[in-house]
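There are 2 protein chains.
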Amino acid sequence: MIVVLSGGVGGARLCAGLMQVFAPDEMLIVVNNGDDFDHWGLRVCPDLDTVMYTLSGRVDEQQGWGVRQETWQVLEAVVAAGGEGWFRIGDGDLATHLIRTEQLRAGRSLSSVTQALMHTHGIRHQVVPSTDDHHRSLVLTDAGLLDFQTYFVRRRCEPRLLGLQMDSRAADGGPARPAQAWAAAMMRQVDAVLVCPSNPILSIQPMLTLLGVRDWLRRRSFPVLAVSPFIGGGAIKGPAAKIFGECGLETSVRGLAGWYEGLVDGWLVDSNDAEEVRTLAGLGFQARVANTWLDSDERRRGVAGALKEWLRDGVALAPGREGGRIAVDRT
Amino acid sequence: MIVVLSGGVGGARLCAGLMQVFAPDEMLIVVNNGDDFDHWGLRVCPDLDTVMYTLSGRVDEQQGWGVRQETWQVLEAVVAAGGEGWFRIGDGDLATHLIRTEQLRAGRSLSSVTQALMHTHGIRHQVVPSTDDHHRSLVLTDAGLLDFQTYFVRRRCEPRLLGLQMDSRAADGGPARPAQAWAAAMMRQVDAVLVCPSNPILSIQPMLTLLGVRDWLRRRSFPVLAVSPFIGGGAIKGPAAKIFGECGLETSVRGLAGWYEGLVDGWLVDSNDAEEVRTLAGLGFQARVANTWLDSDERRRGVAGALKEWLRDGVALAPGREGGRIAVDRT
Numbered sequence: 000m001i002v003v004l005s006g007g008v009g010g011a012r013l014c015a016g017l018m019q020v021f022a023p024d025e026m027l028i029v030v031n032n033g034d035d036f037d038h039w040g041l042r043v044c045p046d047l048d049t050v051m052y053t054l055s056g057r058v059d060e061q062q063g064w065g066v067r068q069e070t071w072q073v074l075e076a077v078v079a080a081g082g083e084g085w086f087r088i089g090d091g092d093l094a095t096h097l098i099r100t101e102q103l104r105a106g107r108s109l110s111s112v113t114q115a116l117m118h119t120h121g122i123r124h125q126v127v128p129s130t131d132d133h134h135r136s137l138v139l140t141d142a143g144l145l146d147f148q149t150y151f152v153r154r155r156c157e158p159r160l161l162g163l164q165m166d167s168r169a170a171d172g173g174p175a176r177p178a179q180a181w182a183a184a185m186m187r188q189v190d191a192v193l194v195c196p197s198n199p200i201l202s203i204q205p206m207l208t209l210l211g212v213r214d215w216l217r218r219r220s221f222p223v224l225a226v227s228p229f230i231g232g233g234a235i236k237g238p239a240a241k242i243f244g245e246c247g248l249e250t251s252v253r254g255l256a257g258w259y260e261g262l263v264d265g266w267l268v269d270s271n272d273a274e275e276v277r278t279l280a281g282l283g284f285q286a287r288v289a290n291t292w293l294d295s296d297e298r299r300r301g302v303a304g305a306l307k308e309w310l311r312d313g314v315a316l317a318p319g320r321e322g323g324r325i326a327v328d329r330t
Numbered sequence: 000m001i002v003v004l005s006g007g008v009g010g011a012r013l014c015a016g017l018m019q020v021f022a023p024d025e026m027l028i029v030v031n032n033g034d035d036f037d038h039w040g041l042r043v044c045p046d047l048d049t050v051m052y053t054l055s056g057r058v059d060e061q062q063g064w065g066v067r068q069e070t071w072q073v074l075e076a077v078v079a080a081g082g083e084g085w086f087r088i089g090d091g092d093l094a095t096h097l098i099r100t101e102q103l104r105a106g107r108s109l110s111s112v113t114q115a116l117m118h119t120h121g122i123r124h125q126v127v128p129s130t131d132d133h134h135r136s137l138v139l140t141d142a143g144l145l146d147f148q149t150y151f152v153r154r155r156c157e158p159r160l161l162g163l164q165m166d167s168r169a170a171d172g173g174p175a176r177p178a179q180a181w182a183a184a185m186m187r188q189v190d191a192v193l194v195c196p197s198n199p200i201l202s203i204q205p206m207l208t209l210l211g212v213r214d215w216l217r218r219r220s221f222p223v224l225a226v227s228p229f230i231g232g233g234a235i236k237g238p239a240a241k242i243f244g245e246c247g248l249e250t251s252v253r254g255l256a257g258w259y260e261g262l263v264d265g266w267l268v269d270s271n272d273a274e275e276v277r278t279l280a281g282l283g284f285q286a287r288v289a290n291t292w293l294d295s296d297e298r299r300r301g302v303a304g305a306l307k308e309w310l311r312d313g314v315a316l317a318p319g320r321e322g323g324r325i326a327v328d329r330t
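Protein chains in written order, with numbering that gives the first Met the number 0: chain A, 0 to 330; chain B, 0 to 330.
Quick caveat, the hints were computed from the structure, so don't treat them as lab data. Worth double-checking, as some hints may not be accurate.
Here are the in silico distance ranges between beta carbons for each label pair [what the hints assert, rightly or not]: (1) B:D166 <-> A:R104: 51 to 59 Å; (2) A:V78 <-> B:A142: 37 to 45 Å; (3) A:R155 <-> B:G84: 51 to 59 Å; (4) A:R168 <-> B:A79: 29 to 37 Å; (5) A:R187 <-> B:A79: 34 to 42 Å; (6) B:R218 <-> A:R153: 51 to 59 Å.
From the derived model, a few chain B residues whose C-beta atoms are all more than 10 Å from chain A [said to hold, decoys possible]: (7) W39; (8) Q62; (9) L93; (10) R104; (11) T119; (12) C156; (13) K236; (14) G254; (15) E308; (16) W309.
Negatives, chain A to chain B, calculated, CB over 12 Å [to be verified]: (17) W39; (18) A105; (19) E249; (20) E297; (21) K307.
For every residue, glycine included, the Cβ atom is placed at its ideal position computed from N, Cα and C.
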C-alpha cells in the first residue's frame, strides 16, 4: 500500500499520473483539507475538489482547478443580491458543494461524503481527506492572523507569511486525528509514502500536524519519496517560492530537504535541476531526475512511473530521520 | 393599514397591483410559508420568492414563478452528480436560497432575512412570511401523508387530497405564531384585510391556523375582502378547482363563501361570473365584479383599484362572522 500526500493543483496532477501506474487497491490518496472553509453557507474543500476534478478529467486544465467550461450564473446572481463574490464558485463546482454540505449536515463524515462524490465521478482509487475533524489552517502574516482563503484567495498571498497555525480539534475536544482510512493504513504495513509537489507549508504541513503523523513518519520502516515543487529555483505554480523566501528558506531542493528534515528519503527533481542531485547526495539524500512539469497526461504518467521504478529499485532511509524536532514545528 | 394575505402566483400578481394603489406604509403583505421546505440543504420559500420576483419585475411571467431568463447549470450538475432534480431550482433563484439559508443559519429570523432580500430587490412595501416558527403544510392524500412539495411538485397534485395538516410548533414548543410584524398589526387598528386569489386550502388555510389568527378575524371590526380564484367554475391557475372538488366543495364563489364562512365580508368576482353576485347577495354577502384575470400590469392595477374603491365606499360585515367553528377546521 502506497500512501500519497497531496495538496492542490500539483498534487492532483501527480495523482492523475499515479492513478495510471498503481491499481486502486495499491494506493491511498490523502488530501489536505486544512484549507476547507464555509462560503455562502456551504462547505468548500478546494484541494479535495481539485483532486476529484483532475482525476475524473473534468478539471479546467488551463487554471488547474475548477471544472472545464464552467458557467458563473449563480455567482453573478449572488453578487447582484449583495452577496460575496471574492471567492469565485462556478455553477458546476457549486453542485459539489451543495451535495457535500447537505450530506455533512445529515451527519455523514467528510470521508464518507468524499467517497460518494469520488464514486459519482467515476474515480476508483481511494481518495480521503486528511481528517474528518475540525482542522483549519490559519495564516499568521504581517497583516494579522488570516483565515486561509482570506490569505490565499482574497489577499492573493500578498501579506508576508510569518507562519501557519492550525485551528484544530476533534469532536471530543482532543487533537485532530487522521481520517479513519489513513489511520488504518498507518496501523498496517505501508510500502511507501509519496509526497506530491504541493506547497510544503500551505498544503503538506497541515497534514503533518495531525495526531500521530509525525511519529508515524519518524519511526518509519518504509521509504518516503517526494517530488520537488521547485524547478530552477521557482515554483511551477502557486506561491511556494514567495512563501519559502518569507520564511528564510532557500527555494531549491536543498531548501526543501532541510524543511522536510528527516521526513523524506529520496527527492525526485526536475531535469533542469540535475546539479541539485549532487548537492543532495552530499547531504546524504538520494535523488533522481525526471521531467516534473506535469502539464500533460503523458508527463504525469512519466513522473509516476519514475517513482514506481525507484520504489522497485529500493530506497535507503534518509539520514536524520530519527532526528529531533522537525522544521514543521517552527511555525 | 391594510393586511394582505397572499399565497403563490395569483397572490403575487394581485400584490403587484396593490403595490401601485397603496403606499408602502399603508400595506402589510403577509405571505404563506407553509410550503417552505429544505432542498439541496437549502431553505426554499416558494411563495415568498414568487412575491419577491413578481413585485421586483424579475419574475418569469410565462410560468408565474422563478426568474426571467433563468439558467439551469447547477441543476444539471447536481443531477449529473446523482442529486435530486424533481424540484427545479434555477441558477438565479438558487442565489436567493443560498443567501437566505446562510443568514438563517447565522441565527436571523425568516422575517429579517426576507426584509433584507426584499430590500435588495428594491421592494419598498413590507412583505413578511406568515410565521417565523416551524409551520409546514402536510397533505393528507389517498397516497398517504405527503410533504407539501412532494404532493405539489413531485406528484403534481395527482393524489386525491383528503385534507391539510400542519407540522407546526414554535421554538418554545407552543403553537406557531404569526410573524412579529403581522402580530403587531393585529394589535393595532387594521383598516381591512384583503385575501388574494390564492388557493384557499393550500395557501390561505396554513395562515389561518396560526395562533390567534381565526380569533382576530372572527372578532374583527374591519372588513375582509377576497378576490375569487375561480373564473367560470375553474381555477385561473393551479389545482384549486381539482382540490375543491376532492373536498366536496363547489368550485364557485358560493363554494368559496361557504368555505371561508364568517371570514370574508365581500367578494370580488370576475366579470364572467356576474350572475354569482346575485347568488352571493341571496346569502347575505356583498359582491362586486371586475376583470380578475391578472395577466397584465394594467389589469392588476385595475383589480387593486376596485378593491381600494370598495373599501372607500364602505363594506358591511358579513353574516355569520360570529358563527361557530369555521370550515377551515374541517381538514
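We went through each hint and held it up to the structure:
{"no.": "1", "hint": "B:D166 <-> A:R104: 51 to 59 Å", "result": "violated, 19 Å"}
{"no.": "2", "hint": "A:V78 <-> B:A142: 37 to 45 Å", "result": "holds, 42 Å"}
{"no.": "3", "hint": "A:R155 <-> B:G84: 51 to 59 Å", "result": "violated, 37 Å"}
{"no.": "4", "hint": "A:R168 <-> B:A79: 29 to 37 Å", "result": "holds, 36 Å"}
{"no.": "5", "hint": "A:R187 <-> B:A79: 34 to 42 Å", "result": "holds, 36 Å"}
{"no.": "6", "hint": "B:R218 <-> A:R153: 51 to 59 Å", "result": "holds, 56 Å"}
{"no.": "7", "hint": "W39", "result": "violated, 5 Å"}
{"no.": "8", "hint": "Q62", "result": "holds, 18 Å"}
{"no.": "9", "hint": "L93", "result": "violated, 5 Å"}
{"no.": "10", "hint": "R104", "result": "violated, 6 Å"}
{"no.": "11", "hint": "T119", "result": "violated, 5 Å"}
{"no.": "12", "hint": "C156", "result": "holds, 26 Å"}
{"no.": "13", "hint": "K236", "result": "holds, 26 Å"}
{"no.": "14", "hint": "G254", "result": "holds, 41 Å"}
{"no.": "15", "hint": "E308", "result": "holds, 37 Å"}
{"no.": "16", "hint": "W309", "result": "holds, 37 Å"}
{"no.": "17", "hint": "W39", "result": "violated, 5 Å"}
{"no.": "18", "hint": "A105", "result": "violated, 8 Å"}
{"no.": "19", "hint": "E249", "result": "holds, 43 Å"}
{"no.": "20", "hint": "E297", "result": "holds, 28 Å"}
{"no.": "21", "hint": "K307", "result": "holds, 32 Å"}
In summary, the numbered hints that this structure violates are 1, 3, 7, 9, 10, 11, 17, 18.
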